[in-house]
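All chains should be built: construct the whole structure from the sequences, respecting the hints.
Top line first, the protein sequences correspond to chains A and B. For the first sequence, the UniProt record's numbering begins at 1 and goes up steadily by one. For the second sequence, the UniProt record's numbering begins at 1 and goes up steadily by one.
Since no wrong hints were added, every one of them can be taken at face value.
Here's a subset of chain B near chain A, in silico, CB distances under 7 Å, partners left out:
#, residue
1, GLY2
2, GLU12
3, ASP41
4, CYS90
5, SER128
6, SER373
In short, the hints are calculated from the structure, not lab data. Ideal Cβ placement from N, Cα and C applies to all residues, glycine included.
The primary structure of each chain is shown beneath.
There are 2 protein chains.
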Amino acid sequence: MGKRTEFLYLSESDTIEAGVLDADRCVRNAEEVFTLLSKGDYLMGGSNHNSHGLGLVFPKDSPFPNMPLAGPDRRFVAMPAYLGGRFDVCGNKWYGSNAANPSNGLPRSVLTVTLNDKDTGEPLAFMSANLLSAARTGAVPGAAAKHLARKDSKVCAVVGCGPINQSCYRSIVSQLPDIREVICYDLFEEKAGSFLNWSKVELGISGKISSDLEEVLRNADVVTIAASRLKPLYFKDEWIKKGATVLVTGPVHTDESFWLCSKIVYDNTKLHEAYMQEAAESGNKKNYYAGVIGGPLYTLMDDHLLPPLCESVSLGDVILRKKPGRTRDDDRITFIACGMATFDVGLGYDLYVTAKENGIGQRLVLWDDPYQS
Amino acid sequence: MGKRTEFLYLSESDTIEAGVLDADRCVRNAEEVFTLLSKGDYLMGGSNHNSHGLGLVFPKDSPFPNMPLAGPDRRFVAMPAYLGGRFDVCGNKWYGSNAANPSNGLPRSVLTVTLNDKDTGEPLAFMSANLLSAARTGAVPGAAAKHLARKDSKVCAVVGCGPINQSCYRSIVSQLPDIREVICYDLFEEKAGSFLNWSKVELGISGKISSDLEEVLRNADVVTIAASRLKPLYFKDEWIKKGATVLVTGPVHTDESFWLCSKIVYDNTKLHEAYMQEAAESGNKKNYYAGVIGGPLYTLMDDHLLPPLCESVSLGDVILRKKPGRTRDDDRITFIACGMATFDVGLGYDLYVTAKENGIGQRLVLWDDPYQS
Numbered sequence: 001m002g003k004r005t006e007f008l009y010l011s012e013s014d015t016i017e018a019g020v021l022d023a024d025r026c027v028r029n030a031e032e033v034f035t036l037l038s039k040g041d042y043l044m045g046g047s048n049h050n051s052h053g054l055g056l057v058f059p060k061d062s063p064f065p066n067m068p069l070a071g072p073d074r075r076f077v078a079m080p081a082y083l084g085g086r087f088d089v090c091g092n093k094w095y096g097s098n099a100a101n102p103s104n105g106l107p108r109s110v111l112t113v114t115l116n117d118k119d120t121g122e123p124l125a126f127m128s129a130n131l132l133s134a135a136r137t138g139a140v141p142g143a144a145a146k147h148l149a150r151k152d153s154k155v156c157a158v159v160g161c162g163p164i165n166q167s168c169y170r171s172i173v174s175q176l177p178d179i180r181e182v183i184c185y186d187l188f189e190e191k192a193g194s195f196l197n198w199s200k201v202e203l204g205i206s207g208k209i210s211s212d213l214e215e216v217l218r219n220a221d222v223v224t225i226a227a228s229r230l231k232p233l234y235f236k237d238e239w240i241k242k243g244a245t246v247l248v249t250g251p252v253h254t255d256e257s258f259w260l261c262s263k264i265v266y267d268n269t270k271l272h273e274a275y276m277q278e279a280a281e282s283g284n285k286k287n288y289y290a291g292v293i294g295g296p297l298y299t300l301m302d303d304h305l306l307p308p309l310c311e312s313v314s315l316g317d318v319i320l321r322k323k324p325g326r327t328r329d330d331d332r333i334t335f336i337a338c339g340m341a342t343f344d345v346g347l348g349y350d351l352y353v354t355a356k357e358n359g360i361g362q363r364l365v366l367w368d369d370p371y372q373s
Numbered sequence: 001m002g003k004r005t006e007f008l009y010l011s012e013s014d015t016i017e018a019g020v021l022d023a024d025r026c027v028r029n030a031e032e033v034f035t036l037l038s039k040g041d042y043l044m045g046g047s048n049h050n051s052h053g054l055g056l057v058f059p060k061d062s063p064f065p066n067m068p069l070a071g072p073d074r075r076f077v078a079m080p081a082y083l084g085g086r087f088d089v090c091g092n093k094w095y096g097s098n099a100a101n102p103s104n105g106l107p108r109s110v111l112t113v114t115l116n117d118k119d120t121g122e123p124l125a126f127m128s129a130n131l132l133s134a135a136r137t138g139a140v141p142g143a144a145a146k147h148l149a150r151k152d153s154k155v156c157a158v159v160g161c162g163p164i165n166q167s168c169y170r171s172i173v174s175q176l177p178d179i180r181e182v183i184c185y186d187l188f189e190e191k192a193g194s195f196l197n198w199s200k201v202e203l204g205i206s207g208k209i210s211s212d213l214e215e216v217l218r219n220a221d222v223v224t225i226a227a228s229r230l231k232p233l234y235f236k237d238e239w240i241k242k243g244a245t246v247l248v249t250g251p252v253h254t255d256e257s258f259w260l261c262s263k264i265v266y267d268n269t270k271l272h273e274a275y276m277q278e279a280a281e282s283g284n285k286k287n288y289y290a291g292v293i294g295g296p297l298y299t300l301m302d303d304h305l306l307p308p309l310c311e312s313v314s315l316g317d318v319i320l321r322k323k324p325g326r327t328r329d330d331d332r333i334t335f336i337a338c339g340m341a342t343f344d345v346g347l348g349y350d351l352y353v354t355a356k357e358n359g360i361g362q363r364l365v366l367w368d369d370p371y372q373s
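Here it is as structure tokens:
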């Protein structure tokens, strides 16, 4: 007789019940993951242990009429990870994305996470991961705001008013209690308007919308950038004031001088080393750089204008006080985040534990007695 | 109001009810997938569209006491794919493996497959994939036996008597009705004995066991190799008789002359091109080659002793009659199979359709109305 294997299924509403919308809790989870990244107690994919994930790349054209073609936000990606510390668990995020989804009543991306016993590989949980993924993505700049932003930050600029930045902003204000004004910018004005309204109603923070990016940024103490990839976003160095903290979660273009006159903190320098390695191997570095958030920084490193990643700072180093973060009120600090499966596994694990303890979700049987063992 | 999303959960016993043990059906499914591979109507991971998958690579040692370490069969792998034709669906296989599992009443690997709508990314099904994966792995040499082996093949040698070769052998004999004798070889004699017994009882084919590999191979018309990676397997060129078909599903070492005097047919030359590309990028080609089934062949190609992959034959080419397979009764044909996610998606899809039509499995709700859309 073999071993019976059960696991827990969590729908989206189960993940809400398990606490995925508790921004402060998600930020604490992300802080813990950042310390594990800094210590090295994790694995992501590949022999360098730091691959972001493996995607299906849809072709630009195809002789096969049904094959999905390249298009806005169209991709499928698998993102495996092991996370150590008290988590000590393996998992995989798997998602499909399509910019056309919202017109069909669906989120742009549809995500699931599987958690697995690190030794046996048995599934522990399979869960809807849309809110989980948004929460962990938002919690990352939330943790960065806590450790890098001026405590007296009052004005927050939101550049890109989609669900990701909603989650980022919620996390950021959960860590900076003095924030009293939000300035919302989006390519689509009505999205900026809905965001502002949501901020007022849900978080009690009012402000304004603007389609003038300079006006949006000029007075911001904290800037969170998570704009659509559909149109390149550009801001001038001089629009960012002294002492500001710029939290970058989506691609952005700016003046070279901005990068050179800003203190840069990365989510995980090892991840960016893996990106640079992949770019070098791809045979078309420039093209590869154009598709990743850190691209402009990698170019400056190749040109020896920025220090190499091995000499740069990860947020976990700051949290653990291994390297300094903000040292002066006047520092302009830029935080670069690319998304790592370790955060999905970390937050997913805490939701799983909460769900198990509180009888949330459905228990499913993989097998009573495995057919082959 | 957004769109409600439901999907189907299939346990291992649900997959049995949906037909995963029907070897002939699985072989027909694999044949269909082979034709799509030959036509190019599929995508696997990466920009070359042919990556096998992305794994967590456990380190040899670690300063963290809980981190899983490299060990026999220890890995986690994510394998995404799109499969065209009538399937027209995306999916991902995700599994963890550990040679210590059987001593805990578990299969060596624990596998799941997720199928997704190619456009929206919504999950269609999440299923136990142990039998699915074994069935598709076995169906591949089954399809190869049908198209490459002599129809009058009578003696089948089974090298490695684990669950994978059980599935291979079941598929092979489903396609070669004249097989009347099996010769079983395994490092562990009792495993060979159980296999022989199972063959008698389940398939009505008797034979013998032997620990002398030469004796096992000398008289075989068909050889199926799926031995453990724990100990390298070596056979001599002269042990394989004229007219034999050697179906390679696991790593094997043999004389150079065997590869040079055998007609080689691949599961998919494009997959092997991707392996060779990855090996070149890894910076340690020899080491990479040592870890993959095609390694000895890639070495001979590098040395220009075998024709390059672009001039070689895929099984789908033979099925579609684009290239010749067996042309003479005396041909020794070797078939090389490495495992592709396209087969998991193809067979998984047919099980999903059967389950849906017959009310097998559990319907699960991802969301009634997505929180963010």
